[in-house]
Each structure stands twice: as structure tokens, then as C-alpha cells.
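The task is simple: from the sequences and hints, build the whole structure.
In my numbering, the protein residues as written are -7 to 139.
Pairwise CB distance ranges, derived in the manner of DEER restraints:
1) Ala99 with Asp68: 24 to 30 Å
2) Ser132 with Gly48: 39 to 45 Å
3) Asn21 with Gly57: 24 to 30 Å
4) Asp121 with Asp95: 35 to 41 Å
5) Asp131 with Arg63: 42 to 48 Å
6) Thr90 with Asp131: 49 to 55 Å
7) Ala108 with Gly29: 35 to 41 Å
8) Ala108 with Asp67: 50 to 56 Å
9) Asp68 with Gly29: 18 to 24 Å
10) Gly57 with Ser132: 30 to 36 Å
By construction, these hints were calculated from the structure, which means they are not laboratory data. As the structure is a computational prediction, the values presented were derived from the model and not from experiment. Ideal Cβ placement from N, Cα and C applies to all residues, glycine included.
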Amino acid sequence: MQSGSRRSVLATLAAGGGVGAAGCLGGGNSVSVLAAGSLAVVLDEHLGQRFEEETGLAVRGEYYGTNAVMRMVEDDRKYPDVVVSADARLLRDRLYDTHSAWDVSFASNAIGIAYAPDTRFGERLNAGDPWYEVAREADSGNFAISD
-7 MQSGSRRSVL ATLAAGGGVG AAGCLGGGNS VSVLAAGSLA VVLDEHLGQR FEEETGLAVR
53 GEYYGTNAVM RMVEDDRKYP DVVVSADARL LRDRLYDTHS AWDVSFASNA IGIAYAPDTR
113 FGERLNAGDP WYEVAREADS GNFAISD
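Spelled out as C-alpha cells, the structure:
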């Protein structure tokens, strides 16, 4: 099995989902997406563009707080083709049965940190310093991020 970067996996999922969605949407040349504001950049600048390249359908996104997104759908104020939430549990608790029959989870916000305990950074992490402070204070080139 060949592995890929998270971006390429997400782009492939978006493109594949787009092909499936294209057959389900009732005409038009765009897909309306109501999503959490924290997802705006990735949807507008990455997944939406890839989706349009693969399907010919433009993504028209609207972004709000996750609770506001759920409320708009529950209150019948918005009728998007797709709802994207940063919290799958919230979506399932509030939209299942009345507005959705299924969903797919394809990403998460977990982070793994590997470090050598005998380094200055490792000693700080072992001492309980918050990882984000250790990362922020690292000299250029001493801290790497990869997907």
C-alpha cells in the first residue's frame, strides 16, 4: 500500500466524494456547503478547488461557528447540499434523523509528537512544559512539522 501526504489523501477524498455527489445533486453547476469557520481556508483554497477540477462543480461555501451551522439547518434557515463540521459528534447528535441519514469522517485533529528525551526540548516536554511553547521557542531548524 502506498502512503501519501494528508493533503493528497484529503484531495483524493474530496474529488472522489465530488464524483459521487455530482450524480446526486439536482442540476446546477455548484455545490452549496455550510461549514465550520475553522474549515474555511482548507475548503476554499484546497478541497474546493480540487473538487471543481475533478467535477466541474464549483463549491460555494458559507462559514460560521459549528453551533450556528447546526442551528441554521435545524431551524430550516439554510438548505445546503453539504454540511461540514469540525465536530462529527455534534453533527450526529443534532442533524441525524431529521436532516441527515449518514455522514463520513475523514480527518481528525490529533497530533503526534516524537522527541529525544535527552535533548533540551525533550527535557522540557518531560518536565511538563506545554508542547506548543516548546515548539514556539525552538530555534529555526530545531523543530520540524510533517504530514
